[in-house]
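Chemist: Residues 1 to 183 in our numbering are what the sequence shown spells out, letter by letter.
Careful, some of the hints might be misleading.
Unchecked claim - Derived pair list, reagent style DSBU-like, types lysine-lysine, alpha-carbon separation capped at 35 Å:
no.	residue 1	residue 2
1	Lys120	Lys14
2	Lys162	Lys68
3	Lys120	Lys132
4	Lys162	Lys98
Hint data in this document are derived by calculation from the structure and do not stem from the laboratory.
None of the values given here were measured: they were computed from a predicted structure.
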Amino acid sequence: GTHPQAVYVVCTGKVKVYKSSRTGQQLITRIESPGDLLGQITLFAAEGPYMGTAEALEPSVVSMVDAKTFFEFLARHPAASQALLRELARDVRRGENKARDIAFKPARNRLADTLLRMMKPGKPKPVVSGIKRRDLAEMAGLTIETAVRLLKDFEERNLIKKRDKDLVIIDETELRGLAGTAA
């Protein structure tokens, strides 16, 4: 709800950006990693306050670059401006794809897609680590109850396996089939 006066750069860690409904439900719009910017869209729009919230998912370092310094940098470095425009276009495309998926993909498929996007290489299988069930639900546009029920179903179908607080991807091919993505 505050008015933008800077952009923020994720230096280390992971930061979720989400929007909340009046009832307190959250929808994670993106996860930012080192090198990613926060707050640039609202700063560029120059209209009104921030419409989302950013929260660290793990210990993170985020640097602030005031608006004047940021705009002077872009003016002096046209290649950086072009790179930023390309990234903004990718953000718009990701947002449109997410809206399409929420409107048209069943819950099971959205959760499978979210697990695939969040997985990291692991031995002997890929793993989704350090992400709370609530955050998985929010990323997929689901209620926590639906996400937990589907995770249990995925486990019963031997697609995933719980290991402590992590989820091990047992059958990535089948999960990709559910998500509607190619291997």
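Chemist: Are the Cα positions of lysine 162 and lysine 98 separated by 35 Å at most?
Modeler: holds (26 Å)
Chemist: Checking one constraint from the list: CA of lysine 120 to CA of lysine 14, max 35 Å. Satisfied?
Modeler: Cα-Cα ~14 Å, so holds.
Chemist: Holds or violated: lysine 162 and lysine 68, Cα atoms, limit 35 Å.
Modeler: violated (48 Å)
Chemist: Starting from lysine 120, check that the Cα of lysine 132 is at most 35 Å away, please.
Modeler: holds (15 Å)
Hint compliance for this structure: hint 2 alone is broken.
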